[in-house]
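In case you want the letters, here they are:
Number of protein chains: 2
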Amino acid sequence: MADIKRSGGVVEDIEKILGFIVEIEKLKDVYRKTKPVGLDRFENSAEHSWHVCLTALMLKDFANEKIDINRVIKMLLIHDLGEIDAGDTIIYANETSENKAKEAAGIGRLLNILPAEMADEFLALWHEFEAGETADSSFAKAIDRVPPLLHNIHGGGHSWKAHGITKEKVFSVNQRIEAGSKELWSVMHNKLEDAVHAGILK
Amino acid sequence: MADIKRSGGVVEDIEKILGFIVEIEKLKDVYRKTKPVGLDRFENSAEHSWHVCLTALMLKDFANEKIDINRVIKMLLIHDLGEIDAGDTIIYANETSENKAKEAAGIGRLLNILPAEMADEFLALWHEFEAGETADSSFAKAIDRVPPLLHNIHGGGHSWKAHGITKEKVFSVNQRIEAGSKELWSVMHNKLEDAVHAGILK
Numbered sequence: 001m002a003d004i005k006r007s008g009g010v011v012e013d014i015e016k017i018l019g020f021i022v023e024i025e026k027l028k029d030v031y032r033k034t035k036p037v038g039l040d041r042f043e044n045s046a047e048h049s050w051h052v053c054l055t056a057l058m059l060k061d062f063a064n065e066k067i068d069i070n071r072v073i074k075m076l077l078i079h080d081l082g083e084i085d086a087g088d089t090i091i092y093a094n095e096t097s098e099n100k101a102k103e104a105a106g107i108g109r110l111l112n113i114l115p116a117e118m119a120d121e122f123l124a125l126w127h128e129f130e131a132g133e134t135a136d137s138s139f140a141k142a143i144d145r146v147p148p149l150l151h152n153i154h155g156g157g158h159s160w161k162a163h164g165i166t167k168e169k170v171f172s173v174n175q176r177i178e179a180g181s182k183e184l185w186s187v188m189h190n191k192l193e194d195a196v197h198a199g200i201l202k
Numbered sequence: 001m002a003d004i005k006r007s008g009g010v011v012e013d014i015e016k017i018l019g020f021i022v023e024i025e026k027l028k029d030v031y032r033k034t035k036p037v038g039l040d041r042f043e044n045s046a047e048h049s050w051h052v053c054l055t056a057l058m059l060k061d062f063a064n065e066k067i068d069i070n071r072v073i074k075m076l077l078i079h080d081l082g083e084i085d086a087g088d089t090i091i092y093a094n095e096t097s098e099n100k101a102k103e104a105a106g107i108g109r110l111l112n113i114l115p116a117e118m119a120d121e122f123l124a125l126w127h128e129f130e131a132g133e134t135a136d137s138s139f140a141k142a143i144d145r146v147p148p149l150l151h152n153i154h155g156g157g158h159s160w161k162a163h164g165i166t167k168e169k170v171f172s173v174n175q176r177i178e179a180g181s182k183e184l185w186s187v188m189h190n191k192l193e194d195a196v197h198a199g200i201l202k
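Residue numbers (UniProt numbering), protein chains in the order written: chain A, 1 to 202; chain B, 1 to 202.
When chains are identical, the list treats them as one kind, so a pair holds in a single copy or across two.
Heads up, simulated DSS-like pairs for lysine-lysine below, C-alpha to C-alpha not over 25 Å straight-line:
#: 1; residue 1: 60; residue 2: 26
#: 2; residue 1: 16; residue 2: 191
#: 3; residue 1: 191; residue 2: 167
#: 4; residue 1: 26; residue 2: 191
#: 5; residue 1: 16; residue 2: 182
#: 6; residue 1: 182; residue 2: 167
#: 7; residue 1: 167; residue 2: 35
#: 8; residue 1: 202; residue 2: 191
#: 9; residue 1: 16; residue 2: 60
#: 10; residue 1: 26; residue 2: 161
Hints in this document: simulated from the structure, not taken from any laboratory.
Please build the complete structure, drawing on both the sequences and the hints.
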């Protein structure tokens, strides 16, 4: 067994972090509005978070601006934690300020389980993601929209149908991808046009 | 819609990456041997991958050696992809060379969906993780063991009981955590001793 020479602060900090690690397990029980390709169940926000991190990592070279992929991945690892208290909201819904406030309070509650400096650092990163105004956050937000589109494209448009989302809405809302990557939006735009021609997006 | 000025290579590369992104959805259907704290279902390897990335990020300051947390996170994002073809193996099982070969073949198949240079880069990273000999991979491997212990500690030792894992085996197998972080192992060791005293680890 390790013999810790440092003061009690180390153990206290590790205990706080492990408390956080246990608390965020709850994201595995927040369900989204689309089903992963090939699976007959809805996706949870924890597995979605993993998926968007790898999507960002693999597509990093197609960002419009110079980005720091490591910051992008950190943002995407924490971007949905606010949903533990607020729940998931479909991207096509008009987000209310009430829901936004609930998510902000939720991420604050969770991060405050961590040692103080860490909480401050990640809260700032979360707010940067939410605002979506920097190169890193703009790319992260673009990437966040890609897997749900793939779920619909490869899954008969199940979520578009279930929620009555029109093609006009799908094109206009997801054009936001272009702000992060023009090249990625071009490819996704073509895939959405194919979905219209196939009759799964109306 | 974006107007792509570059050659067709860009679109081809994006298409390959999106193919990979869809293929790795299958990790969301690989089930592990423990249940997330508070949930009455087994954990899948995709949500586990997200969880260990955040565990590593938050505990990075407690690594024994100087590590590059960004490389550690990349390793952990891909570390279980081989399970899509090989399935999950409990850490207490003696890993057979047959299963190892299956995982190596599986990760090779998946990464080869990507553009060639990317496949090479991530295959090297996966092999580094598997070998566990560098500072980064040693820490990543230590972190990988923490959440399943927390699942058992906070979940009545459900997986230890179901698989007949003794306390001797739990202590000896997880002592590997010490090679990545002596401080973390010290804290986890105490928690395991508490689990013995509480009668959930025998």
